[in-house]
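Q: Spelled out from the first residue to the last, the chains are:
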Amino acid sequence: MHVVGGATLVSSLMNLGLIDELQLMVNPLILGGGKALFKDVKERHALKLVRAKPLKSGKVSLTYSTQS
Amino acid sequence: MRKLFWQMNVTLDGFMEGPNRELDYTAHVVDEDFDRYATDMLKSIDAILLGRVTYQLFADYWPSAMGPDAERLNELPKMVFSRTLEKVEWNNSRLIRENVAEEVARLKQRPGKDLALFGSADLASTFIRLGVIDEYRIFITPVVLSGGTPLFKGIKDRIALKLLKATTWSSGVVALYYQKT
Numbered sequence: 000m001h002v003v004g005g006a007t008l009v010s011s012l013m014n015l016g017l018i019d020e021l022q023l024m025v026n027p028l029i030l031g032g033g034k035a036l037f038k039d040v041k042e043r044h045a046l047k048l049v050r051a052k053p054l055k056s057g058k059v060s061l062t063y064s065t066q067s
Numbered sequence: 000m001r002k003l004f005w006q007m008n009v010t011l012d013g014f015m016e017g018p019n020r021e022l023d024y025t026a027h028v029v030d031e032d033f034d035r036y037a038t039d040m041l042k043s044i045d046a047i048l049l050g051r052v053t054y055q056l057f058a059d060y061w062p063s064a065m066g067p068d069a070e071r072l073n074e075l076p077k078m079v080f081s082r083t084l085e086k087v088e089w090n091n092s093r094l095i096r097e098n099v100a101e102e103v104a105r106l107k108q109r110p111g112k113d114l115a116l117f118g119s120a121d122l123a124s125t126f127i128r129l130g131v132i133d134e135y136r137i138f139i140t141p142v143v144l145s146g147g148t149p150l151f152k153g154i155k156d157r158i159a160l161k162l163l164k165a166t167t168w169s170s171g172v173v174a175l176y177y178q179k180t
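Chains A and B supply the protein sequences, listed in that same order. Numbering that gives the first Met the number 0 puts the first residue of the first sequence at 0, with every later residue one more than the last. Numbering that gives the first Met the number 0 puts the first residue of the second sequence at 0, with every later residue one more than the last.
Note that these hints are calculated values from the structure, not bench results. Quick caveat: nothing in here was measured; it's all calculated off a predicted structure. Idealized CB from N, CA, C, for every residue including glycine. Be careful, since some hints might not be right.
Below, a list of computed lysine-lysine pairs in the DSS-like style, where the Cα atoms sit at most 27 Å apart [as the list claims (entries may be wrong)]: (1) K107(B) to K55(A); (2) K55(A) to K164(B); (3) K161(B) to K34(A); (4) K55(A) to K2(B); (5) K38(A) to K152(B); (6) K52(A) to K179(B); (7) K155(B) to K41(A); (8) K179(B) to K161(B); (9) K179(B) to K41(A); (10) K42(B) to K155(B); (11) K112(B) to K52(A); (12) K164(B) to K47(A); (13) K86(B) to K58(A); (14) K155(B) to K38(A); (15) K42(B) to K107(B); (16) K152(B) to K58(A); (17) K112(B) to K155(B); (18) K155(B) to K58(A); (19) K161(B) to K2(B); (20) K2(B) to K58(A); (21) K42(B) to K152(B); (22) K52(A) to K161(B); (23) K161(B) to K58(A); (24) K112(B) to K34(A); (25) K34(A) to K155(B).
To give an idea of the interface, some chain A residues facing chain B are shown, with a C-beta separation under 8 Å as derived from the structure [stated by the list, open to error]: (26) G4; (27) G16; (28) I18; (29) K34; (30) L36; (31) A45; (32) V59.
Ranges between beta-carbon positions, derived for each pair [said to hold, decoys possible]: (33) A26(B) to G5(A): 45 to 53 Å; (34) L23(A) to E97(B): 35 to 43 Å; (35) Q22(A) to E97(B): 43 to 51 Å; (36) L28(A) to D113(B): 44 to 52 Å; (37) G4(A) to L75(B): 42 to 50 Å.
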């Protein structure tokens with residue numbers, strides 16, 4: 000199942016241990032403030048890096064597995 | 000003018016340290032890929048810049064550490080930026096208490112190898128505001144910490160960067176290199 004979105008939803012699903020894989024995009028930007036992606040996550044999660052792929056746009060696509 | 004780069008560990012959720020200032024997550028970073036990076040990097044610089052907190056961590060650890068990297072770190076000149084420290088005792092360290100912008104500008108204009116700023120997030124914020132950091136090396140550890148001190152806490156402005164390189168290490172760390180635009 001592919002869930003798109005949503006810092007609140009991601010945090011809830013992580014807290015419930017329901018996420019197997021995370022796909023994130025890192026933008027080449029320091030924003031200086033805003034909403035944190037994992038802001039409502041309640042505990043420490045060790046992840047396993049699956050791949051990191053730099054894109055021409057300067058974004059970096061990161062994929063992590065939660066089965067570390 | 001030579002380059003000043005800032006090298007920093009961060010968690011996937013953007014923290015440089017845990018809620019009690021703990022740095023145990025960085026144990027992930029050290030593997031043979033990192034060692035290789037560190038040895039090459041230490042050959043590419045001829046001075047280190049540090050804020051107070053990172054200086055104290057380093058000065059407690061490195062003087063009694065063994066190996067070529069420890070020797071290199073101990074012998075390299077270190078500029079320590081602090082208004083509160085009275086003195087610095089780590090070999091070849093110099094305390095800089097004021098005129099930060101002038102001191103850094105003078106260092107960068109002097110001929111030589113690159114300059115490295117390690118950790119030192121508060122000082123890095125000052126340097127970013129002064130526009131003196133040329134390259135960012137951000138090492139993302141594969142952990143969500145769920146709380147702590149944000150890496151870019153001191154930055155209130157939007158800053159666009161240019162991606163230079165993204166590499167991965169066997170530890171699962173992603174090393175991202177960005178250039179100032």
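Q: Give a verdict on every hint.
A: Hint-by-hint comparison with the structure:
1. K107(B) to K55(A): violated (31 Å)
2. K55(A) to K164(B): It holds: about 11 Å lies between the C-alpha atoms, which stays within 27 Å.
3. K161(B) to K34(A): Status holds; Cα separation ~22 Å.
4. K55(A) to K2(B): The hint holds at about 24 Å.
5. K38(A) to K152(B): holds (15 Å)
6. K52(A) to K179(B): holds (21 Å)
7. K155(B) to K41(A): Distance ~26 Å between K155(B) and K41(A) Cα, so the pair holds.
8. K179(B) to K161(B): holds (6 Å)
9. K179(B) to K41(A): violated (34 Å)
10. K42(B) to K155(B): violated (34 Å)
11. K112(B) to K52(A): Outside the cut-off at roughly 30 Å; violated.
12. K164(B) to K47(A): holds (21 Å)
13. K86(B) to K58(A): With a Cα-Cα distance of about 43 Å, the restraint between K86(B) and K58(A) is violated, given a limit of 27 Å.
14. K155(B) to K38(A): Holds, at roughly 19 Å.
15. K42(B) to K107(B): holds (17 Å)
16. K152(B) to K58(A): holds (22 Å)
17. K112(B) to K155(B): violated (31 Å)
18. K155(B) to K58(A): holds (21 Å)
19. K161(B) to K2(B): Roughly 15 Å between the alpha carbons, so the hint for K161(B) and K2(B) holds.
20. K2(B) to K58(A): holds (23 Å)
21. K42(B) to K152(B): violated (31 Å)
22. K52(A) to K161(B): holds (15 Å)
23. K161(B) to K58(A): holds (9 Å)
24. K112(B) to K34(A): Violated, at about 39 Å.
25. K34(A) to K155(B): holds (14 Å)
26. G4: violated (16 Å)
27. G16: violated (12 Å)
28. I18: violated (10 Å)
29. K34: violated (12 Å)
30. L36: holds (7 Å)
31. A45: holds (5 Å)
32. V59: holds (5 Å)
33. A26(B) to G5(A): 45 to 53 Å: violated (32 Å)
34. L23(A) to E97(B): 35 to 43 Å: holds (41 Å)
35. Q22(A) to E97(B): 43 to 51 Å: holds (47 Å)
36. L28(A) to D113(B): 44 to 52 Å: violated (24 Å)
37. G4(A) to L75(B): 42 to 50 Å: holds (47 Å)
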